[in-house]
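> Use the sequences and the hints to build the structure in full.
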Amino acid sequence: MAAVQDGQLNMEVEKDIKTEITNDGSGNINANSSSPGSTSSGGKSKSPAGSGEDQQTLLAVLQFLKRNKLTESVDILRREAGLSADADDSPVSDSAGAGSGGVPNVSADGGDANSLLSRVSIATPFAPPATAPPKVVAASGGEDQPDVNVVLSAYSQQGDPVLYPLYYNGLKKFIESVLDCHRAELSQVFYPLFVHMYLELVYNNHENEAKQFFEKFSGDQECYYEEDLRILSSMSKKEHMKGNETMLDFRTSKFVLRISRDSYQLLKRHLQERQNNQIWNIIQEHLYIDIFDGMPRSKSQIDAMSGSLAGEGKRDANKAKVFYGLLKEPEIEVPLDDEDEEAENEEGKPKKKKPKKDSMGSKSKKQDPNAPQQTRIPLPELKDSDKLDKIMNMKEATKKIRLGPDNLPSICFYSFLNAYQGLTAVDFTDDSSLIAGGFADSTVRVWSVTPKKLRRVKSAADLSNIDKESDDVLERIMDEKTASESKILYGHSGPVYGISFSPDRNYLLSSSEDGTVRLWSLQTFTCLVGYKGHNYPVWDTQFSPYGYYFISGGHDRVARLWATDHYQPLRMFAGHLADITCTLFHPNSNYVATGSADRTIRLWDVLTGNCVRILTGHKGPIHSLAFSPNGKFMASGATDGRVLLWDVGHGLMVGELKGHTDTIYALKFSRDGEILASGSMDNTVKLWDTLKAFDDVELDDFTAATGHIHLPENSQELLLGTYMTKSTPVIHLHFTRRNLLLAAGAYNP
Amino acid sequence: MSYRSLAFELFPFLPPLFVSEEQRLLHVRYERYTSTMAEERRPKQCTVVLPTESMKAMAESIGVGQLQEESCAALSEEVSYRIKEIAQDALKFMHHGKRCKLTTSDIDHALKLKNVEPLYGFQSQEFIPFRFASGGGRELHFYEEKEVDLSDIINTPLPRVPLDVSLKAHWLSIEGVQPAIPENPPPAPKEQQKTESTEPLKAVKPGQEEEGSIQKGQGATSAEAKGKKDGLMRMKPRSTHELSVEQQLYYKEITEACVGSCEAKRAEALQSIATDPGLYQMLPRFSTFISEGVRVNVVQNNLALLIYLMRMVKALMDNPTLYLEKYLHELIPAVVTCIVSKQLCLRPDVDNHWALRDFAARLMAQSCKTFSTTTNNIQSRITKTFTKVYNKCWLDDKTQWTTRYGCIAGLSELGPDVIKTLILPRLTVEGARIKAVSDGPVVSNIDKIGADHVQSLLLKHCASVIAKARPLPDNVEQYRADYGYLGPMLCSHVVKARAQAALQAQQVNRTTLTITQPRPTLTVSQSGIGGSGGSRTASIIKVPSSLTLMSTRPGTPTQLSPPATKYIVMATSSGSSSTQQVLWMASICKISRTLKLSSSAVANSAVDMMKLALMRTATGKGDPELPLLQRISSLELPASEIAAQINA
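Protein chains in written order, with my numbering: chain A, 1 to 749; chain B, 1001 to 1648.
Read the hints as simulated data drawn from the structure, not as lab findings.
The beta carbon of each residue, even a glycine, is placed where N, CA and C say it ideally should be.
Incorrect hints may appear among the rest.
To be verified - Partial chain A-side listing against chain B, Cβ under 10 Å, derived:
no. : residue
1   : Ile76
2   : Phe416
3   : Trp539
To be verified - Each pair of labels, with its calculated beta carbon distance range:
no. : chain 1 : residue 1 : chain 2 : residue 2 : range
4   : B       : Arg1131   : A       : Lys453    : 49 to 57 Å
5   : B       : Glu1069   : A       : Asn610    : 27 to 35 Å
6   : A       : Thr661    : B       : Lys1168   : 23 to 31 Å
7   : A       : Ala483    : B       : Ile1181   : 27 to 35 Å
8   : A       : Lys299    : B       : Arg1131   : 48 to 56 Å
9   : A       : Arg738    : B       : Lys1168   : 17 to 25 Å
10  : B       : Leu1150   : A       : Asp467    : 51 to 59 Å
11  : A       : Lys299    : B       : Pro1320   : 53 to 61 Å
12  : B       : Ile1181   : A       : Asp293    : 57 to 65 Å
13  : B       : Thr1370   : A       : Lys399    : 26 to 34 Å
14  : B       : Leu1067   : A       : Lys216    : 29 to 37 Å
15  : B       : Ile1181   : A       : Arg738    : 46 to 54 Å
Claimed, not checked - Straight-line Cα separation of at most 20 Å, PhoX-like style, residue types lysine-lysine; simulated pairs:
no. : chain 1 : residue 1 : chain 2 : residue 2
16  : B       : Lys1168   : A       : Lys238
17  : A       : Lys321    : A       : Lys299
18  : B       : Lys1114   : A       : Lys453
19  : A       : Lys481    : A       : Lys452
In structure tokens form, the structure reads like this:
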């Protein structure tokens, strides 16, 4: 406390600096014009120079002058204050912040010089000032990306480490004392501040202070940050910060907070009054405060949206228009259809006409206003076989059961026996005729669940003997001898984490720990292509609903869009701050959703490659995504055991489904979108009433504009059923075309 | 920089202990995190650092002799940090592998991410056999790498090929209702049944459906779901009692088999009742079946059927997925009837209804033990009931011996305390009554048999209690004074019991070391049931025509229980079987005596089997052979009981 009071005594001196900083924000260009004022204040400050505090103030002034390249005034001030020039020059030659054992002030100054330089080097693409910072400005480097040191060096400006807890405590007291309506909003500041203060301490080699700081205040943080705090806590030395990804994330990206204008003013005023330079600096440097006009948000509203690694998404990040509508279905002549139907059953005929209109009518008649242009991205031409499949699909759809709260689907569970915990991914074909499983032993296995066995195409030599004109040529090319219920595909050299069938059932994609995505032919059961691009494990891959394109994402935090006939990616979607854990195509194939371990979901435009939505709210890595069949809504499941529902068009969270107790690995909407099925590690399948969930949300203009949604309190009302398995985690779910729910998982005895 | 590279260099040499330690730590944390998101704050995260001694040991292991203390400290911090980092990465692989358990391969993959060579050849699945060594003031845990002789590996036959992955489909739910099939978990777990019956209001509360939702999945149709929604006041959950066609068929089959004439079928049916997880919904039917069955058959004095029904009760109790509390109001009267009823069979002088009474009494005691709570007070209520009846007998000389026997049996099964407080004080009176019957001139045969049974029963139960409670010495006169007519006999029993206890104590001392070894479990199965496999506790009253005693672990090296296969007995004709069975039982007795401490099941089964055999002999098939009997009585069981059985 004493130190803080001291600070108040020196108010005059610091205030001047503060006004500088606040007036011109972070822009250094303006600072030049206001420099005379600061020199005069510096002159005033020399008189009390004696105690440690004053010296610090002096140094701060010096720093400021230096930053603005006012070397003359620096010299004058230094002379007047009686500070030796080498006190702040000598450490500069040392590597960043390495003034170990010296007086904190001295090292601080040296560090600051580094930070100044490095900041310059960020602005202009110069070489990183890794070892010899003074020379950096002169030495022009290539196109090197900012090195870790550069990033880190922003931490080198610092105050007295002893004061950190006091600063933090002061702010805590203040926030606890403000009105309730502001408190919740302002409390958001705690976590990023805590992290950055801790990292600053660590960076400047105040290991013990950092530990104390952590122990004192880590308990105050929201529980959903626990994972990150654990990583932070293990970092207690400057060396550790190099190469630590989480650390980099904190530094390279600004933590985004949404705060109402009133609350923000309150905070600003407080910090200015209390001369809390340190905290203000952090807020300026490392935080992005998204100010909005209107009522402050409540605690529950904030909690619903927070939890991601880098705060909430900025509001303007979600402003872009998303064409979430479905593409027009291609017109398909149906005479063939009629014949088949007649042959199959007589009674089906009168019924048939109507449902067909139902299923197709709205889509085919007129273009959905929310749909993207048909040719926005080039889609593959429909082949004859695809048309046949579409017709089959429509016929099946007429027999579809209408689901609802009173009409729950039957669930057929496919258990993988003797998998010994090795099952890592499962996929069903759209017509539910094949199941593929990816295994930890690097194999991919494909099963046929219909009586039709899997057959390989004959060898080239045999194929040449076949009469190509015959009617049943497609039958003849298959080798009867290879018929079996399942086939094993060998090729990967690491666990297979993602697997996806192409819509036409001719191909299968698999992504693996070995960093490749492989395309397999289901005609020959051989590997066709190995797509190399990710150098790290690829956690997930997914075919576009129209085939041809596919998306992959993995540990390298970049999602890649590929076309099957290109060996290089067409698009790279970079922006996530941690591993991309799951990927999914929008039903109209124009967008791609990715879920990440940074606890955000991003929606990317395939055409432009831009990120069009950042959805925050999960408190753990996201492991499953699902789009509603109409493309309007999305569901996501994470390790925190919650399912969140999103309105894609508005970029809003519209629902939260609580009930699972472990990671949700599977999510699927029924074919009509009335029911959402979720499957989890807790060995349950749960069914949710999504119709009701989406109905309950009232979307007025205000909420749509600000994104402040009031979530319905009780998600239990939406829970339609819970089905326990016998010690079998549910890792995939699939609705057949007739709305039968298929689930899959490996039995763990 | 150099620290880092050195740390990585050292890493492959780290004893796997640390890896596993971190794994354990992480796993524990992870579990805590997922289960209770916020409740308890993390304990101390900063402080987990490897001791510097480990650094030294590791350095030595790679030939770096003197490592300075400072470098050790620096190294240990660095290494701890790297390990944590790697463990955190490994967790990612665990999540994507869709597992809850971190494996060594996850760590390998995490190392690969960091461009570090994985730990090749370290493939321990579950258990890592660390060895501990200390000396020179240092303590070490190390992983012993044995030298492997290649020729050994080459010559050993290949292990069995593991089963290939296969796919199996079943119905998890049919239109919202979960079918009760073995592939699905039991519809209502025992815990839930328990909370439902003991705390009906707590089981499901509106809004908080965590527990209730499970039940909702089964049987609870949308109607109930609706009821939940608009029902402001929630009533006690309604359990559905509609049985599917399959269940009805099953019920019919099972009940028919249980009371039918084919013993093989009955055994199978009882086995099914005792193990099937999906019987929850049929429980009310079964309990009604049993109570009605007892009511009818007591009137008709159909001993066999009563026995069958009691065996059903036993099987239901044995089923680990059922909680019978809700149905005790039907089951207990039925069981008590079988204990104390005046007449259970048509020919009381010949038929062995005593065994049924004993069996039912044991059932009663078991249910008291399992289900008695402070709210339902079953134990005390049952005790009261018996006491009331017993009081009546006590006052009234004309009460049937059968009822008297039942009361005593029922009470004495409830434990030594009950015997002490309720039976011992009445020994004198009882003794006088028995004396009157045995010495008196005009008594019916039935009364005499009854008196004999009561006498042996009293001796059997009281002796052990007295042996514990009464101080030495055992003076016959003193006993006569205290307990009247039964005194002398009691005295000899007590002496025997004491000798027995001493013998056991000795053996216990000798065998303490081997007690932890896996014990052979005894399985009584019937050759008629092709490989029914599952173990039935030996609660069978009627002896199957041929018996096999098997040990699930044939080669268990305990010198105490010689290979159990030795005792396999195939008895075909009843005439010779009695001898063999007795022989066989004797050996069981031997086993049970040597393993006395823990294998009460074995002892129980021995006692049961003994009775069975005796019943057979008693029912007139073959004469009791005295020398054999002597051998038995020289073993553990109280000879009086055997004698009583034979006499009957």
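> CB of isoleucine 1181/B to CB of arginine 738/A, is that within 46 to 54 Å?
For arginine 738/A against isoleucine 1181/B, whose Cβ atoms are near 22 Å apart, the range 46 to 54 Å is violated.
> Confirm or reject the claim that isoleucine 1181/B and aspartate 293/A have a C-beta distance inside 57 to 65 Å.
holds, 60 Å
> If I claimed the Cβ atoms of threonine 1370/B and lysine 399/A lie 26 to 34 Å apart, would that claim hold in this structure?
violated, 52 Å
> Glutamate 1069/B and asparagine 610/A, beta-carbon distance inside 27 to 35 Å?
violated, 56 Å
> Does the Cβ-Cβ separation between arginine 1131/B and lysine 453/A fall within 49 to 57 Å?
Given about 53 Å between the Cβ atoms, the range holds.
> Between the beta carbons of alanine 483/A and isoleucine 1181/B, is the distance compatible with 27 to 35 Å?
For isoleucine 1181/B against alanine 483/A, whose Cβ atoms are near 31 Å apart, the range 27 to 35 Å holds.
> Does 53 to 61 Å hold as the CB distance between lysine 299/A and proline 1320/B, or does it fail?
Between lysine 299/A and proline 1320/B, where Cβ atoms are some 46 Å apart, the hint is violated.
> Under the criterion of a CB-CB separation shorter than 10 Å, is tryptophan 539/A in contact with chain B as hinted?
holds, 6 Å
> Take a quick look at whether lysine 321/A and lysine 299/A sit within 20 Å of each other, Cα to Cα.
This hinted pair is violated, its Cα atoms lying about 29 Å apart.
> Lying within 23 to 31 Å: is that true of the beta-carbon distance threonine 661/A to lysine 1168/B?
At roughly 26 Å between Cβ atoms, lysine 1168/B and threonine 661/A fall inside 23 to 31 Å, so the hint holds.
> Is lysine 481/A close enough to lysine 452/A, meaning Cα to Cα at most 20 Å?
This hinted pair holds, its Cα atoms lying about 14 Å apart.
> Is the gap between the beta carbons of leucine 1067/B and lysine 216/A within 29 to 37 Å?
holds, 34 Å
Consistency note: the structure conflicts with the earlier hints numbered 1, 5, 11, 13, 15, 16, 17 and 18.
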